[in-house]
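Those sequence lines, one after another, are chains P and Y. To convert, note that position 47 of the first sequence is 377 in the numbering used here; the numbers rise steadily by one, no gaps. To convert, note that position 101 of the second sequence is 83 in the numbering used here; the numbers rise steadily by one, no gaps.
Calculated from the structure, these hints are not laboratory results. A portion of the hints provided could be inaccurate.
[Claimed, not checked] Listed next, the in silico PhoX-like pairs over lysine-lysine satisfying Cα-Cα at most 25 Å (straight line):
1) K361(P) - K58(Y)
2) K54(Y) - K361(P)
3) K26(Y) - K573(P)
4) K58(Y) - K366(P)
5) K26(Y) - K366(P)
6) K407(P) - K26(Y)
7) K467(P) - K26(Y)
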Amino acid sequence: MAATVTHDTLTTDSDAIFDKKTWMGGVEPMKVSYGKLMMWFFLISDTFTFSALLVTYGLIRFSYPAWDPAIYGEVFKFSNLYWPTPEMVYAAVPFLHGVHAPLIFVGIMTFILIFSSVTMVLAVEAGHRMDQADVEKYMLWTILGGFTFLGSQAWEWSHFIHGTETGTTISEIVNGQTIQRTIFGANLVENQYGPPAFADLFFFITGFHGTHVFSGVILNILIFYRAATGLYARRGHYEMVEKVGLYWHFVDLVWVFVFTFFYLV
Amino acid sequence: MSDHTHGTHEVGEIPPANTGAIWRTFWILSAITAVEFTLAYLMKAGGLRTSFFVIMTLVKAFYIVGEFMHLKHEVKSLIWAIVVPIVFVIWLLVALMTEGAWIGISVFG
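All chains, please: the whole structure from these sequences, using the hints.
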């Protein structure tokens, strides 16, 4: 909040005198508190980090050949010679073993995250009304959504790491001789779904996003605790819910981009 | 804020929830995601489908940032402070996509 100097209300449009002093301290030219503004600037810097990761994905993907039915056959197969079609890689759903359901599970994860964003903004709205019970309720739903997403991601990682039952036979040159070898799943050095770089980027991008989700859940739990113990009611406002809400929505926003550029395209 | 000096709430003083805009945004985001799915299944992969995906992703980003993060309702200077730096992302994207295509040509022929 702005430190009151001599006038009662210090806003940029209240008084001609303040036009000159807008940026000289004591007023809030952007009409948000210091903490909220800094959260925005942090999110902009985080935007650059995630953009760099996704653009790197684009760079490396563009530098590999794509799967071409005319060259590699009409039926898509995993190979380290070309970049895989993502919907062929992410086609498994828990409890439906052996069913080919492209992107269904990722779609469920997307809806979980969108929904937890909605409950977060409902918590912010409840905070504006000073409705402590509603803030607690919606924060709990948001935390539950966050944990559900993390659990889904753990399942997807596990499936990706362990691979399919048949694996993929690759040819590689060892000591000048071409040998054939079957590999299962993926790690940072080998990958049954395509070039190793594909697995590396999967681990880095979804892992970095998952770490953000995890931090968000921790922050949400902290905010829930402080709301439930009445700290914000005593303070007279629920602005901390808004600040952490900004972070949580950003995590959802990043997933929207990851969903498109990693899974759909 | 003198009405709220006590931590426990009395039912009478809490105004009713106003959540119309929130749910409207939720339905827009859900509908766009559903359309993306349908396109992923129905359209052949290619430049056209990718451009649809990019446009729909940007629309979703607009609603998340504008409504959920409330940026649409902030003052102009804040909106521009956040939106303008994104130019650098676009520059990076164009530069590295071009670079990637050239690496592809030089490595794989």
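Can you list which hints this structure breaks, lowest number first? Numbers 3, 5, 7 - these are the hints that the structure violates, sorted from lowest upward.
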